[in-house]
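> Protein chains in written order, with full-length UniProt numbering: chain A, 1 to 512; chain B, 1 to 434.
It is worth saying that the hints were derived from the structure and are not from the lab. Some hints could be false.
[Unchecked claim] Calculated from the model, a selection of chain A residues having no Cβ within reach of chain B, i.e. all distances over 12 Å:
#1 Ser47
#2 Glu203
#3 Glu237
#4 Leu245
#5 Ser382
#6 Glu420
#7 Lys422
#8 Leu425
#9 Lys426
#10 Arg427
#11 Leu428
#12 Lys497
#13 Val503
#14 Gln508
[As the list claims (entries may be wrong)] SDA-like mimics (lysine to any residue), calculated; alpha carbons at most 25 Å apart, straight line:
#15 Lys362/B to Tyr152/B
#16 Lys362/A to Tyr111/B
#17 Lys122/A to Gly487/A
#18 Lys137/A to Phe144/B
#19 Lys360/A to Ser116/B
#20 Lys168/B to Ser338/B
#21 Lys97/B to Tyr152/A
#22 Lys93/A to Asn77/A
#23 Lys93/B to Lys122/A
#24 Lys431/A to Leu452/A
[Stated by the list, open to error] Derived list of chain B stretches under chain A, where covered just means 3 residues or more per stretch with a C-beta under 8 Å from a C-beta of chain A:
#25 119–131
#26 361–374
For every residue, glycine included, the Cβ atom is placed at its ideal position computed from N, Cα and C.
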Amino acid sequence: MKTFHIVIECVSYQTRLYVFEKVTVSVVSRCSTLAFSAFCFLTSKFSADMVEQLLTLAQDWGVQVTDESFARHLDSNDPLHSFRQRFHVPLVKDIPKSDLGLVNGEEQCVYMAGNSLGLQPKKVKVYLEEELDKWAKLAVHGHFDGARPWVYFDEIISSSMASIVGAKENEVALMNGLTVNLHLLLLAFYKPTAKRNKILLEEKAFPSDYFVIASQIEMHNLDPTSCMLLVTPREGEQTLRREDLLSTIEREGDTIAVILLSGVQYLTGQLFDMASITHAGHNMGCVVGFDLAHAVGNVELSLHEWGVDFACWCSYKYLNSGAGGVAGAFVHEKCMHSVKPVLIGWWGNDRENRFTMENKLKLIPGVRGFRLSNPSIFLSCSLQASLEIFTEASMPALRKKSVQLTAYLELLLQRIINAESKEQLKRLKLKMITPTDPVQRGCQLSLQIPMLSQPVLQELERRGAMCDIREPNILRVAPVPLYNTFGDVHRFVKLLKDSFLAVILKDQNNIP
Amino acid sequence: MKTFHIVIECVSYQTRLYVFEKVTVSVVSRCSTLAFSAFCFLTSKFSADMVEQLLTLAQDWGVQVTDESFARHLDSNDPLHSFRQRFHVPLVKDIPKSDLGLVNGEEQCVYMAGNSLGLQPKKVKVYLEEELDKWAKLAVHGHFDGARPWVYFDEIISSSMASIVGAKENEVALMNGLTVNLHLLLLAFYKPTAKRNKILLEEKAFPSDYFVIASQIEMHNLDPTSCMLLVTPREGEQTLRREDLLSTIEREGDTIAVILLSGVQYLTGQLFDMASITHAGHNMGCVVGFDLAHAVGNVELSLHEWGVDFACWCSYKYLNSGAGGVAGAFVHEKCMHSVKPVLIGWWGNDRENRFTMENKLKLIPGVRGFRLSNPSIFLSCSLQASLECDIREPNILRVAPVPLYNTFGDVHRFVKLLKDSFLAVILKDQNNIP
Chain A
1 MKTFHIVIEC
11 VSYQTRLYVF
21 EKVTVSVVSR
31 CSTLAFSAFC
41 FLTSKFSADM
51 VEQLLTLAQD
61 WGVQVTDESF
71 ARHLDSNDPL
81 HSFRQRFHVP
91 LVKDIPKSDL
101 GLVNGEEQCV
111 YMAGNSLGLQ
121 PKKVKVYLEE
131 ELDKWAKLAV
141 HGHFDGARPW
151 VYFDEIISSS
161 MASIVGAKEN
171 EVALMNGLTV
181 NLHLLLLAFY
191 KPTAKRNKIL
201 LEEKAFPSDY
211 FVIASQIEMH
221 NLDPTSCMLL
231 VTPREGEQTL
241 RREDLLSTIE
251 REGDTIAVIL
261 LSGVQYLTGQ
271 LFDMASITHA
281 GHNMGCVVGF
291 DLAHAVGNVE
301 LSLHEWGVDF
311 ACWCSYKYLN
321 SGAGGVAGAF
331 VHEKCMHSVK
341 PVLIGWWGND
351 RENRFTMENK
361 LKLIPGVRGF
371 RLSNPSIFLS
381 CSLQASLEIF
391 TEASMPALRK
401 KSVQLTAYLE
411 LLLQRIINAE
421 SKEQLKRLKL
431 KMITPTDPVQ
441 RGCQLSLQIP
451 MLSQPVLQEL
461 ERRGAMCDIR
471 EPNILRVAPV
481 PLYNTFGDVH
491 RFVKLLKDSF
501 LAVILKDQNN
511 IP
Chain B
1 MKTFHIVIEC
11 VSYQTRLYVF
21 EKVTVSVVSR
31 CSTLAFSAFC
41 FLTSKFSADM
51 VEQLLTLAQD
61 WGVQVTDESF
71 ARHLDSNDPL
81 HSFRQRFHVP
91 LVKDIPKSDL
101 GLVNGEEQCV
111 YMAGNSLGLQ
121 PKKVKVYLEE
131 ELDKWAKLAV
141 HGHFDGARPW
151 VYFDEIISSS
161 MASIVGAKEN
171 EVALMNGLTV
181 NLHLLLLAFY
191 KPTAKRNKIL
201 LEEKAFPSDY
211 FVIASQIEMH
221 NLDPTSCMLL
231 VTPREGEQTL
241 RREDLLSTIE
251 REGDTIAVIL
261 LSGVQYLTGQ
271 LFDMASITHA
281 GHNMGCVVGF
291 DLAHAVGNVE
301 LSLHEWGVDF
311 ACWCSYKYLN
321 SGAGGVAGAF
331 VHEKCMHSVK
341 PVLIGWWGND
351 RENRFTMENK
361 LKLIPGVRGF
371 RLSNPSIFLS
381 CSLQASLECD
391 IREPNILRVA
401 PVPLYNTFGD
411 VHRFVKLLKD
421 SFLAVILKDQ
431 NNIP
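In isolation and in its complexed conformation, chain A is listed as follows (with noise of 0.2 Å):
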């Protein structure tokens, strides 16, 4: 007999919209698959009630929910409109591909690219200025001085960071990039035994992930083929199913030494049921990590809550902390004192110790002792910017936006490009590969699309509309709460019709 605890977290909000409250489902049985198709259940429940509660605003305003009139009135009722002012939203004129002739180049651009690259928050530049002019006036004496002593800076944000993921502080650390500290929490959790030796992830991960896990494995004289255990989704599907991650993980994971998978999947856009995995990978004895990168500020985590071993993420993504900005580290509490890190350098060393020019090493627990280098004043100036915007507007409210903002997008593709019964424009069907469930995605869906994405970019761009693509014909969108209007996500449809069919008439006239 299997006890299965579902716990559904479901949105809950203050406007007229819908109110659901948290349900905790306990479901005992002898099959897994009764407590899943329960869950299943309620989940689609909450999709159709979304499309349902904008059609009956819609209806309650008197507009129709694909007029842009309608996008207007969510954007006045949205709480956090007012936080797209703190971000440089780029304009039409400067982006390098706009076509002038066919939008007004001083309009905002649709940004719809955030979850490759984040937006800049505004005051990243008054932050960097203000170390600039410490390190121009105090030199070596800024490492202890000044509003940011740069020896700790990190650890003071540190704290809003640890929000973020739902994490204490102390399991918290920021460091390096995600992929450097994806290796410096493998070589501390990944231990290899003659039995248990695999590493379970997607079969779409992120191809820095795949190499990361290969050459881990190989590090341990071992062979990737045999050892890496990937997921696949059935037949004709792209995302995978949550019975099946997690049966795979009932019947495997006695072999399994490390469940890596990502929070929310870069391709696919889907949202894994982070909870549940870790409490499957924990019943099998396997330790369990994430790889947040399009997780973090994009849906609300809690990993402490959760048991999660370890994660990593980057912060230049929906954190907005430029290309290239420091990475995030967690390891849970309950590995502090158990699970050391392999690789050890100074930064590592309790700060009591640190300076003192022994070789005295009085390793921090947790997290912190995994960290080998001094950290960078203007990568953490950077960050600061952006976290601050996230405490104030924070990580619930955030979600809620997102959700409804993201079912908004998939409201009007289906109307507004789907639905078009023009003989010429039938082929304009998009699939959504994302999960139509907003418990199973982020802000990002990923579209495939009936022609080569490239073009269509390149229509889109020229507009002044910006997303992110994979080839051959797979388009992502992300509608980002943080900076992200309803108005732009209407725009963006509208624009990407338009975009279709510029590359349906060049396609007719042999236009290249």
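Assemble the complex: chain A is given as a structure, and chain B must be docked to it using the hints.
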């Protein structure tokens, strides 16, 4: 019979000060000591000559060598004097601990801590603002567009970086922090066997290096106490005699896997003879690497020519890139195809493959294949500002401490203030003032 090549690169000056020529001494000898004695003779002759020159100059100028006016003469004859203007030199009034009763607040401080944190090149702010502007205007397009495409701008400035360490461009990568890089390099280069498993280091190695080496050894399930071979100075001495270093290598070399020394010792300031150490190490089948934290931007390096296997350095000391600036790593071209990184990530993947989002790995040969994560454009900018100040006539570098921005006047003032400080401390002691 051992052949020693001693290359002594001497300073050569345009001015009337003095002229040395490049002296190459080939000594064929059974005993290394002879060669090194020859070297020592030559070097001590050089330092004696330095003093002689200064004294002669002072005489020529009709001043005492301890006069402030002598410092002024030296500064006005310093071809590098104008470089100071490119840096922000702190004013006394802004330094937390200045006593404005003792010194004029509007003066620039006497900054002799460039070995700890270099001063800020004025261009850092300009370049950072350019990239902030680009990020604001182009957002994600900044990766490939603009004057500094974020995806590979670090590679563009790597060529200046390579010149400074005497390396070929493909032997140098900018990435991570020094300690991270040292670990990545040792993972690839430290491959202990039953017989050859020691790492040689100096006794007073920077503690981070000590921890790195100890943890690397432990990672191989070996015992640091037996596998760390520390070279100690002789009784009563603080620096390591070259002949002792070299004889240690000769004596113990069969069991040494890696020789890892600093280029310039952080505590004593001693500059090691990296060419000879590398040669001696290779003679004994050891891998030779250097931590150049205090050497890069300070002394002349010819890593490629010397045949050094690997090296790493930080950039916030003499390279003036700011606290936590991006670090560097070097892997000799000869290792390019034989030594592979152990830890791999997408940034070591050839740029053509890297963004196709397939699991196709075409590892870049050499040190650039060691890169794991995408670089920070801010850190590239701040380093760029400093690398541009690279002196094109490296044979003048030996003259002054932190020659980029310190002056002879600084040195004179410093020594005077040091004397005053000593007196102040002594007086406070005598009067029991804390």
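> Evaluate each hint against the coordinates.
For each hint, the structure was consulted:
no. : hint                 : result
1   : Ser47                : 28 Å, holds
2   : Glu203               : 10 Å, violated
3   : Glu237               : 19 Å, holds
4   : Leu245               : 20 Å, holds
5   : Ser382               : 7 Å, violated
6   : Glu420               : 29 Å, holds
7   : Lys422               : 33 Å, holds
8   : Leu425               : 29 Å, holds
9   : Lys426               : 30 Å, holds
10  : Arg427               : 26 Å, holds
11  : Leu428               : 25 Å, holds
12  : Lys497               : 22 Å, holds
13  : Val503               : 21 Å, holds
14  : Gln508               : 30 Å, holds
15  : Lys362/B to Tyr152/B : 17 Å, holds
16  : Lys362/A to Tyr111/B : 32 Å, violated
17  : Lys122/A to Gly487/A : 22 Å, holds
18  : Lys137/A to Phe144/B : 35 Å, violated
19  : Lys360/A to Ser116/B : 21 Å, holds
20  : Lys168/B to Ser338/B : 17 Å, holds
21  : Lys97/B to Tyr152/A  : 21 Å, holds
22  : Lys93/A to Asn77/A   : 30 Å, violated
23  : Lys93/B to Lys122/A  : 31 Å, violated
24  : Lys431/A to Leu452/A : 14 Å, holds
25  : 119–131              : holds (count 6)
26  : 361–374              : holds (count 4)
Of the hints listed earlier, those the structure fails to meet are numbers 2, 5, 16, 18, 22, 23, in rising order.
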